[in-house]
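*Asks:* With these hints in hand, go ahead and build the complete structure from the sequences.
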Amino acid sequence: MSENLKIGEIIDVNTTSFSAECVKLNEIPSFGGLVRTPEGDRDLYAVVTYATTSSVDAGRHPVARGNDDEENEMIFKANPQLEKLFRSEFTAVVVGYKEKDRFSHHLPPKPARIHYSVYDCSDEEIRAFSEDLSFLSLLFNTNENVSTEELVSAVIRTCAEASDDKEAFLEKAGRELARLLNRDYMRLKMILERIRPQEDR
Amino acid sequence: MDDSIGVIVGGSLSGGITAKLQNGCSVEDINVGRYVTIQGRQKKFMGMVTDVGLQVTDTQLTMSPPDSDDDFSARILNGIGAYGTASITPYLLIADSDRGNLEVPEPVKTIPSHFSKVRMSTDAEFQAVFGEEDEKRFNIGNPLDMEYKLCLDIPKFVERSNGIFGKSGTGKTFFTRLLLGAMIQKSKGVNLIFDMHNEYGHAGTSEEQGKVKGLKQFFPGKVTTFSLEEHALHSDGRVEIDLEDLEPEDFSILGRTLNMTDLAVSATYACRRRFGKNWIREVLRISQLTDDENDEKENLLKSEVIAQGSFENMVRALNKINSMGYINKTGSKSNIVNEIMSRLIGGVNVVIEFGRHSDTLTYMLISNLLARRIYDRYRDLTEKAIANDTAKPIPLVITIEEAHNFLNESLAQNSIFGIIAREMRKYNVTLLVIDQRPSGIQEEILSQLGTKVIFLMDNDRDIDAALSGTSGKTALRGIVAKLASKQQALIFGHALPMPVSFRPRDYNDSTFYRDGDEDESFDDIFSE
Chain A
1 MSENLKIGEI IDVNTTSFSA ECVKLNEIPS FGGLVRTPEG DRDLYAVVTY
51 ATTSSVDAGR HPVARGNDDE ENEMIFKANP QLEKLFRSEF TAVVVGYKEK
101 DRFSHHLPPK PARIHYSVYD CSDEEIRAFS EDLSFLSLLF NTNENVSTEE
151 LVSAVIRTCA EASDDKEAFL EKAGRELARL LNRDYMRLKM ILERIRPQED
201 R
Chain B
1 MDDSIGVIVG GSLSGGITAK LQNGCSVEDI NVGRYVTIQG RQKKFMGMVT
51 DVGLQVTDTQ LTMSPPDSDD DFSARILNGI GAYGTASITP YLLIADSDRG
101 NLEVPEPVKT IPSHFSKVRM STDAEFQAVF GEEDEKRFNI GNPLDMEYKL
151 CLDIPKFVER SNGIFGKSGT GKTFFTRLLL GAMIQKSKGV NLIFDMHNEY
201 GHAGTSEEQG KVKGLKQFFP GKVTTFSLEE HALHSDGRVE IDLEDLEPED
251 FSILGRTLNM TDLAVSATYA CRRRFGKNWI REVLRISQLT DDENDEKENL
301 LKSEVIAQGS FENMVRALNK INSMGYINKT GSKSNIVNEI MSRLIGGVNV
351 VIEFGRHSDT LTYMLISNLL ARRIYDRYRD LTEKAIANDT AKPIPLVITI
401 EEAHNFLNES LAQNSIFGII AREMRKYNVT LLVIDQRPSG IQEEILSQLG
451 TKVIFLMDND RDIDAALSGT SGKTALRGIV AKLASKQQAL IFGHALPMPV
501 SFRPRDYNDS TFYRDGDEDE SFDDIFSE
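Protein sequence lines correspond, in order, to chains A and B.
The first sequence begins at 1 in my numbering and counts up by one.
The second sequence begins at 1 in my numbering and counts up by one.
One or more of the hints may lead you astray.
Below 27 Å or equal to it, Euclidean Cα-Cα: the simulated DSSO-like pairs (lysine-lysine) are [claimed, not checked]:
1. A/172 with B/117
2. B/426 with B/136
3. B/426 with A/172
4. B/188 with B/117
5. B/117 with B/473
Since the hints were derived computationally from the structure, they do not count as laboratory data.
*Replies:* This is the structure in structure tokens:
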């Protein structure tokens with residue numbers, strides 16, 4: 001992940017989440033990745049929960065372009081206009097904010113601002129933000145099309161990759177989850193299976 | 001640093017409180033019988049772990065636990081979704097150095113509030129509760145899993161009758177010998193010990209070491225031994241019983257052991273009435289009369305309304321007694337009671353060794369007979385002292401073994417030991433009861449025992465009986481059942497502020513304790 005790379009512009013906002021259009025077609029932040037957008041004195045942090053790529057003109061249905069000689073990237077090279085006919089969008093759920101160098105892991109007082117830029121977070125930012133994992137509870141109430149278990153495990157994997165000690169982080173996250181889901185073991189089990197370190201499998 | 005092992009999450013004063021284990025503390029680290037300190041909001045409590053358990057927050061967890069090779073999930077769930085609990089019985093309010101200034105521990109009348117932190121009790125806290133070894137307190141061993149030397153307040157201990165219970169081979173005798181030593185050393189009283197198996201007097205036996213020193217070798221000037229055997233080694237005198245000293249009351253206690261019918265026992269009363277003090281000799285003489293001179297016998301049977309069968313039954317029993325080696329046949333009066341009495345009054349401890357005569361009949365006969373006479377003298381002395389307002393006689397502790405033989409439901413009313421146990425301290429005489437079947441002892445007597453020491457017992461009825469009259473019985477029950485088969489015991493009652501499971505002082509490593517090493521005195525050995 002590169003530092004402070006702008007990846008999108010906000011096009012839809014509500015209290016708990018925002019949607020943004022990607023700067024470039026197909027350059028979508030990872031599922032479960034952490035993004036940041038400025039809002040006044042604060043920086044809001046959000047987790048990417050869903051992404052789509054669709055036609056700019058809602059009425060136009062894409063048709064297949066490839067043939068025997070052309071597929072994948074070659075199609076775009078042969079039809080450069082395609083880059084302008086489609087757009088990628090993603091939705092992110094707000095999980096906290098930073099104000100005066102202090103992180104808060106709950107919803108900010110004000111939502112994100114429309115047309116503001118969205119940035120990918122650096123590993124360092126992810127590390128700093130994920131020191132406290134209480135934001136995970138915010139992810140359990142999203143109404144996205146993706147299952148919560150998938151989303152939560154994706155976030156934990158992202159944060160684990162950025163952490164100094166992956167295994168210790170996974171264990172810490174697992175224990176946080178166990179606390180959150182202490183009445184719902186089956187759900188917890190599904191997530192734990194998705195975040196279990198490779199060598200443990 | 002936070003050294004807590006968990007927090008209080010529920011419970012009641014009557015049923016005990018429950019702590020959820022935390023901070024990585026596993027149930028495997030907590031043993032039943034362990035002491036914990038609970039820091040409440042205003043008060044500090046001390047209690048004992050009486051049970052441990054496993055809980056889950058979601059019952060699904062018990063139905064589909066993590067795979068056996070899934071260490072990750074198991075590690076994560078441990079302590080959160082699946083956690084350990086400890087049941088704690090709070091016993092004492094103790095001094096809280098931070099806030100309160102409670103000087104003496106008090107029994108609890110409330111419980112700590114929710115989420116009070118629980119941690120293992122420290123040796124220092126134990127010391128504040130049980131005190132240090134001094135001229136009154138004697139170190140009897142270590143609480144389980146602790147370094148602290150558990151001290152027993154001996155003068156307080158001998159204030160009441162006490163009991164030591166446990167299966168055979170659990171270390172009762174060894175501990176009793178230690179305790180008797182402590183009593184000789186630290187109490188102002190004297191002991192009269194009916195030593196059934198020659199364990200306490202000159203030398204005793206140990207399963208590991210063979211012979212070990214007895215009390216007399218530790219306290220040469222303070223212990224005398226009397227033996228039932230004629231030429232006993234290391235004995236200061238012989239116990240002989242005059243037939244005149246036997247009373248019908250003795251037979252009502254020995255009846256069953258002598259196979260006497262109830263009618264035969266009542267015949268003894270009739271004969272005593274008729275012939276006076278010399279009744280046994282008279283009855284035996286009459287029974288040997290030939291058919292020609294049988295008038296006397298018929299006369300007796302008729303006037304006293306004794307059936308022929310009952311008479312014969314009685315004569316068989318009297319003959320059996322008369323044939324015993326310790327019955328005085330010299331004709332001169334036995335002086336044994338006076339001899340024992342003079343020593344006891346003079347502050348010298350007396351051990352009656354039974355030697356070969358370790359059968360129940362002899363033990364019951366001799367101990368009842370001697371104890372009754374000594375108790376009578378004590379009562380007279382005490383009453384005189386009260387009337388003249390002088391000092392009461394020196395307190396006496398009588399040690400008896402196999403106590404269920406005297407103190408069972410049917411005999412306890414008649415037996416002198418039943419009376420001593422009930423009337424207790426009035427006449428400055430108390431009991432130290434040693435037994436392996438406490439369920440055979442009358443409940444009323446068990447509940448009068450001040451301090452009880454319980455070694456391992458398997459039988460539920462025995463455990464129930466030993467714990468009768470104790471609060472928090474259910475909690476203690478689990479601890480007794482989990483004691484190791486040797487050298488572990490639970491002590492509770494009058495002399496201690498709260499129950500403690502402990503490992504009695506052990507002399508396995510000590511060469512001093514072996515028989516024959518005359519150089520070391522009891523004080524050298526016992527004050528480390």
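*Asks:* If a hint holds in the structure, say so; if it doesn't, say that too.
*Replies:* Evaluation of the provided hints:
1. A/172 with B/117: Holds, because 23 Å separates the two Cα atoms, which is no more than 27 Å.
2. B/426 with B/136: Measuring from Cα to Cα gives roughly 23 Å; hence the hint holds.
3. B/426 with A/172: With a Cα-Cα distance of about 67 Å, the restraint between residue 426 of chain B and residue 172 of chain A is violated, given a limit of 27 Å.
4. B/188 with B/117: The given pair, whose Cα atoms are some 43 Å apart, is violated under the 27 Å limit.
5. B/117 with B/473: It holds: about 25 Å lies between the C-alpha atoms, which stays within 27 Å.
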